[in-house]
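Spelled out, the chains give:
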Amino acid sequence: MAPEGLLYSKDHEWAKIDGDTATIGITDYAQTSLGDIVYVELPRVGQAVAEHASIGVVESVKAVSEIFTPVGGEIVAINEALEKDPAAVNRDAFGEGWMYKVKLTGGAPADLMDAATYEKLVAS
Amino acid sequence: MSAPETASLRRTALDQVHRDLGARMVPFGGFEMPVAYAGILKEHDAVRHRAGLFDLSHMAQYELRGDGVAAWADALTVNDVATMKPLQARYNIFTNPNGGCHDDVLFYRLPSHWLLVVNAGNAEKMWPYLSGAADGRAGVALTNRHGSRALIAVQGPRAAEIVAPLCDVDVAALKYYYCAEGRVGGAPAVIARTGYTGEDGFELFVEGENAPRLWNLLLERGAPVGLEPAGLGARDVLRLEAGMPLYGHELEEDISPLAGGQGWAVKFGKADFVGKAALEAERDAGTYDRIAGIVLEGRVPARAGYPVFLGNERVGEVRSASISPSLGNANIATVLTHKDAAAIGTKLAVEIRGAAHAATVVSLPFYKRSS
Numbered sequence: 001m002a003p004e005g006l007l008y009s010k011d012h013e014w015a016k017i018d019g020d021t022a023t024i025g026i027t028d029y030a031q032t033s034l035g036d037i038v039y040v041e042l043p044r045v046g047q048a049v050a051e052h053a054s055i056g057v058v059e060s061v062k063a064v065s066e067i068f069t070p071v072g073g074e075i076v077a078i079n080e081a082l083e084k085d086p087a088a089v090n091r092d093a094f095g096e097g098w099m100y101k102v103k104l105t106g107g108a109p110a111d112l113m114d115a116a117t118y119e120k121l122v123a124s
Numbered sequence: 125m126s127a128p129e130t131a132s133l134r135r136t137a138l139d140q141v142h143r144d145l146g147a148r149m150v151p152f153g154g155f156e157m158p159v160a161y162a163g164i165l166k167e168h169d170a171v172r173h174r175a176g177l178f179d180l181s182h183m184a185q186y187e188l189r190g191d192g193v194a195a196w197a198d199a200l201t202v203n204d205v206a207t208m209k210p211l212q213a214r215y216n217i218f219t220n221p222n223g224g225c226h227d228d229v230l231f232y233r234l235p236s237h238w239l240l241v242v243n244a245g246n247a248e249k250m251w252p253y254l255s256g257a258a259d260g261r262a263g264v265a266l267t268n269r270h271g272s273r274a275l276i277a278v279q280g281p282r283a284a285e286i287v288a289p290l291c292d293v294d295v296a297a298l299k300y301y302y303c304a305e306g307r308v309g310g311a312p313a314v315i316a317r318t319g320y321t322g323e324d325g326f327e328l329f330v331e332g333e334n335a336p337r338l339w340n341l342l343l344e345r346g347a348p349v350g351l352e353p354a355g356l357g358a359r360d361v362l363r364l365e366a367g368m369p370l371y372g373h374e375l376e377e378d379i380s381p382l383a384g385g386q387g388w389a390v391k392f393g394k395a396d397f398v399g400k401a402a403l404e405a406e407r408d409a410g411t412y413d414r415i416a417g418i419v420l421e422g423r424v425p426a427r428a429g430y431p432v433f434l435g436n437e438r439v440g441e442v443r444s445a446s447i448s449p450s451l452g453n454a455n456i457a458t459v460l461t462h463k464d465a466a467a468i469g470t471k472l473a474v475e476i477r478g479a480a481h482a483a484t485v486v487s488l489p490f491y492k493r494s495s
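Chains as they are written, first to last, in this note's numbering: chain H, 1 to 124; chain A, 125 to 495.
In isolation and in its complexed conformation, chain H is listed as follows:
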């Protein structure tokens, strides 16, 4: 379920590192656990975010869940389509359901997992 080539946090976010920019979303496991997603609150472009900080929320019909950014840096883009179509996170968590892009201040944090390690975490 978790694609190879991405990095994963224990809070069920994924990060796709491309040079000094990371694209962030929540995992398929996270969207399944939440159920129908009805609202996504994202940070502002230009905002500086610290690694592991709570920088937004994902709301399903039943629950509010915080987004803990797996990487720190400056927000350079957000997925504005999620405002009108938050269900894209349910349909395609690793694709059109991406949430924001961060210009990294450091490298990728060492505590992020590869796909196989993350799969073991959610299976346990």
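Treat the hints as calculated values from the structure; they're not laboratory data.
Pairs of lysine to any residue residues, derived as SDA-like cross-links and limited to a Cα-Cα distance of at most 20 Å, are as follows:
1. H:LYS62 x A:SER448
2. H:LYS62 x A:ASP169
3. H:LYS84 x A:HIS481
4. H:LYS62 x A:TYR430
5. H:LYS84 x A:LYS166
6. H:LYS62 x A:VAL424
7. H:LYS84 x A:GLY422
8. H:LYS62 x A:LYS166
9. H:LYS84 x A:ASN453
10. H:LYS16 x H:GLY95
11. A:LYS166 x H:TYR39
12. H:LYS16 x H:PHE94
13. A:LYS166 x H:ALA88
14. H:LYS101 x H:ASP20
15. H:LYS62 x A:GLU475
16. H:LYS62 x A:GLU156
Below, a sample of chain H positions facing chain A; criterion: calculated Cβ distance under 7 Å:
17. GLY35
18. ASP36
19. VAL38
20. TYR39
21. GLU59
22. VAL61
23. LYS62
Note that the Cβ used here is the ideal one computed from N, Cα and C, for glycine as well.
Please arrange chain A on chain H, whose structure you already have, making use of the hints.
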């Protein structure tokens, strides 16, 4: 309500059926219950437009026997019991001396006894309360069937055409809030035209041992018209849209039937009952905080507990909230608020993560079926 340990949770007769269907199970009212199967919004859509199948076996069923039951129950509740006709069902509320609510319930008057259905989350409180109130009283005998007797609901505009062919009594002719004794799918049952979704539908009370076979039979026969299993998540959205109270949200030990919007069920003309004097005083003063319905502007959902403001004054809090698929996905909520903030059309604000979100008071229910 404190969350019990998973190990101590009970399971309904349909537990394995839910797991085989891939349901997400959550603790509710002391049981492990399905919150969703295919997804809350899809299940909601099935109930509003076709039909949904619910396991409500976590709700506590008590059988009341004896010629003293009606008078006994009338002294403990706000609505009329003795005036119920044979095979009639009626909503009622057990009140405390302050006029607050012990529980909101349904009474069913059967030929040989009464069936009382109480909320699962209140069963641990209600069974000792009712047993104590019946103790030493002639003509009142209580039997606790909680957990042993199952309850399956079929709700939605196609419910009658699914249920009727499986029954040996004419349930299509049953009036709303009436019931029959008969067999459904061969199993002895109380078949009631009641529900908690705002749609037409049936609630089927059967022995737990017969429940899995009946569930599967209903799913098989209902599939061609779009029957789908539906969980407690969809049920909560459906009942909120339909303006029906949920104990712990719109009604509580310190929220009276009047405050909770259930004043229609309070029969002040009947003989004394627990809490009557307090409710009369509350009615006469007329100043009590009360439940109102609001629609929020924008897409940010409200949640129970969020503060509600009229201008700069904090006037109440959100008690239930959801996105409402039947209202074009508007964000709806009930709020418990000051009287002057509860008038239809009042502009309020809900504080969500530190920001004020505009809302307007609307009349309840949010949704009413057209037919």
